[in-house]
Amino acid sequence: MSLRRILIRSTNWLGDAVMTMPAIQRLKQAHPQAQLAILTGPKLADLWRLHPDASEVIVHEPSNCPFVLLRQARELRRGNFDAAVIFPNSWRSALSVWLAGIPRRVGFRGHARAWMLTDALEESSDYRTRPVMSEGEIRKLGAAKSGASSQLAVDIHSQAGSLRHAAPGFRHHAFRHLELAARVGADATPCPPRLQLGPLPPNACLPKDRPLLALNAGAEYGPAKRWPLDRFIAAAKMMAERRRVRWVIIGGPKDADLGDQIAAALGGQHALNLAGQTTLLGLCHVLSQCRLLLTNDSGPMHLAAALGKPVVAIFGSTEPALTGPGGPRHVVLRHAPPCSPCFLRECPIDFRCMTAITVEEVVKATERVFSSQ
Numbered sequence: 052m053s054l055r056r057i058l059i060r061s062t063n064w065l066g067d068a069v070m071t072m073p074a075i076q077r078l079k080q081a082h083p084q085a086q087l088a089i090l091t092g093p094k095l096a097d098l099w100r101l102h103p104d105a106s107e108v109i110v111h112e113p114s115n116c117p118f119v120l121l122r123q124a125r126e127l128r129r130g131n132f133d134a135a136v137i138f139p140n141s142w143r144s145a146l147s148v149w150l151a152g153i154p155r156r157v158g159f160r161g162h163a164r165a166w167m168l169t170d171a172l173e174e175s176s177d178y179r180t181r182p183v184m185s186e187g188e189i190r191k192l193g194a195a196k197s198g199a200s201s202q203l204a205v206d207i208h209s210q211a212g213s214l215r216h217a218a219p220g221f222r223h224h225a226f227r228h229l230e231l232a233a234r235v236g237a238d239a240t241p242c243p244p245r246l247q248l249g250p251l252p253p254n255a256c257l258p259k260d261r262p263l264l265a266l267n268a269g270a271e272y273g274p275a276k277r278w279p280l281d282r283f284i285a286a287a288k289m290m291a292e293r294r295r296v297r298w299v300i301i302g303g304p305k306d307a308d309l310g311d312q313i314a315a316a317l318g319g320q321h322a323l324n325l326a327g328q329t330t331l332l333g334l335c336h337v338l339s340q341c342r343l344l345l346t347n348d349s350g351p352m353h354l355a356a357a358l359g360k361p362v363v364a365i366f367g368s369t370e371p372a373l374t375g376p377g378g379p380r381h382v383v384l385r386h387a388p389p390c391s392p393c394f395l396r397e398c399p400i401d402f403r404c405m406t407a408i409t410v411e412e413v414v415k416a417t418e419r420v421f422s423s424q
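No gaps in the numbering here: position 346 of the sequence shown is 397 in the working numbering, and each next residue is one more.
It is possible that part of the hints are untrue.
Restricting the straight-line Cα-Cα distance to at most 27 Å, the calculated cross-link-like pairs of lysine-lysine (DSS-like) are [to be verified]:
#1 Lys415 - Lys288
#2 Lys305 - Lys288
#3 Lys415 - Lys259
#4 Lys288 - Lys259
#5 Lys94 - Lys79
#6 Lys305 - Lys94
Hints were generated in silico from the structure; no laboratory data involved. Computed from a predicted structure; not experimentally measured.
Given only the sequences and the hints, what does the whole structure look like? Please build it.
Encoded structure:
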């Protein structure tokens, strides 16, 4: 099939967007003469301007206003697109493309939107965030461990291992996006995401007197994805003493307080606190100058991987088989108790998936990755 212009409807979150990049890269390989236009919200526009296969970045403010949607659809109609690949599985993301009258519209059929698509794929359950236990079962599991006498709690505790063992498998979200791209002729074989940064602006240069390692202690999803702050501090201190490195603390505006606490504990010689102080493009420049990133499961984890930086990623309530960084350069640290993955934002019991991961374990993994660079 000959396609001249393809519209890509981006996902809305940083990590999710990076996980669509292999599919976009395969699309470009399948249609080297085609122009790929990325439709995105304002917060990810700078990300897509760094992708080498993006011919154009179209920025639309999210809106439910009918007049705004019609205006945006008219703009897309003027783009004369032959096909659209819609990565988000939401009703609104399909609506704007349908209103634009793009001849071929590829996406998953969920949320009663199949009628707006020409190619409506059934989404495999392997890509879904399926907890192995309900929140109620997790609470009973916690009660059993704390010595509660309830026979039901004891039963849940004794059966937890088999429940987890019987849980269905997961497939990485990158495969999910590749399935959509394959519908338009792309190879569905995974490949690493990639971004291309231009020359480093002089005002973005960081001190080079010590090796720089990036540290991200936050996770926007919620506390269930965050390794305890005191352990991050202890691991960073130990690494700084052993290897004489400087930690560059990163994060969004909500992580500014975390950054202040880490920087105060490490001292100016061992820490440079940039949490809450960078734009997305600025964060890319920061990560490009660091040897690795120590992080929770988060958007910056995926961003660092796309910039070619190895990550040491700590997983708690989520599932690395679904959203891990992938690739042999990266290290994923995870202790999976019977209730994991729960995909909850807050742990209803004792946070055992995270507290089981020790400071020494994290330091050893970080040293191993550091030494391999």
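Here is how each hint holds up against the structure:
1. Lys415 - Lys288: The given pair, whose Cα atoms are some 13 Å apart, holds under the 27 Å limit.
2. Lys305 - Lys288: Since the Cα atoms of Lys305 and Lys288 sit roughly 23 Å apart, the hinted pair holds (cutoff 27 Å).
3. Lys415 - Lys259: Roughly 24 Å between the alpha carbons, so the hint for Lys415 and Lys259 holds.
4. Lys288 - Lys259: holds, 19 Å
5. Lys94 - Lys79: Satisfied, since the Cα-Cα distance of roughly 24 Å is no more than 27 Å.
6. Lys305 - Lys94: holds, 15 Å
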